[in-house]
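Q: Which chain is which? The protein sequence lines are B and Y, in order. Heads up, our numbering is the position in the first sequence plus 1419, with the first residue counted as 1. Heads up, our numbering is the position in the second sequence plus 1419, with the first residue counted as 1.
Calculated directly from the structure, the hints in this document are not laboratory data. Any given hint might turn out to be false.
[To be verified] The calculated SDA-like cross-link candidates involving lysine to any residue, where the alpha carbons are at most 20 Å apart (straight line), are:
#1 1460(B) / 1443(Y)
#2 1473(B) / 1447(B)
#3 1460(B) / 1470(Y)
#4 1422(B) / 1431(Y)
#5 1430(Y) / 1471(Y)
#6 1479(Y) / 1443(Y)
#7 1473(B) / 1497(B)
#8 1484(Y) / 1447(B)
#9 1484(B) / 1431(Y)
#10 1460(Y) / 1489(B)
#11 1471(Y) / 1449(B)
#12 1479(Y) / 1497(Y)
Protein chains: 2
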Amino acid sequence: MIKARVTVTLKNGVLDPQGKAIEGALSSLGFNGIGHVRQGKVFDLEVEGDDKAKAEAELKDMCEKLLANTVIENYTIAID
Amino acid sequence: MIKARVTVTLKNGVLDPQGKAIEGALSSLGFNGIGHVRQGKVFDLEVEGDDKAKAEAELKDMCEKLLANTVIENYTIAID
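This is chain B alone, in the form it adopts within the complex:
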């Protein structure tokens, strides 16, 4: 069994209103000097088998088909 973490983040240039809202909230809480807040998603999953190369290929396919919107998002795959 292989443990993997997929991180999906917005591409540069894509507006992130949620990140902006967090930036504003942090500022109202008194945290100053915080900038460029961007929110993304992380998926932890387990893939059956022991073939890391096969698992990585499958994860890439999952990202393209479901986990990420590749028009506006980048993804990275980290395998334990």
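Keeping the supplied structure of chain B fixed, place chain Y upon it in accordance with the hints.
A: Leaving out everything else, chain Y in the frame of chain B:
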């Protein structure tokens, strides 16, 4: 300026219906042998200054106060 990534994940034992839904969707797309899908959040942010220890303390404070719900979520802070 310090770049940091905060990753917020659900604690073990906390139900994750979103993760379960993703697991079901992956299975309907024909991806078999995928289990234990858990979804979390990632925040990329920039902190002014060059003092990494100070930035880390400040980020921890932000997590406790805003970014994570520490009753049900864990967080990790990675500083570039």
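Q: Can you list which hints this structure breaks, lowest number first?
A: 2, 3, 5, 6 and 9
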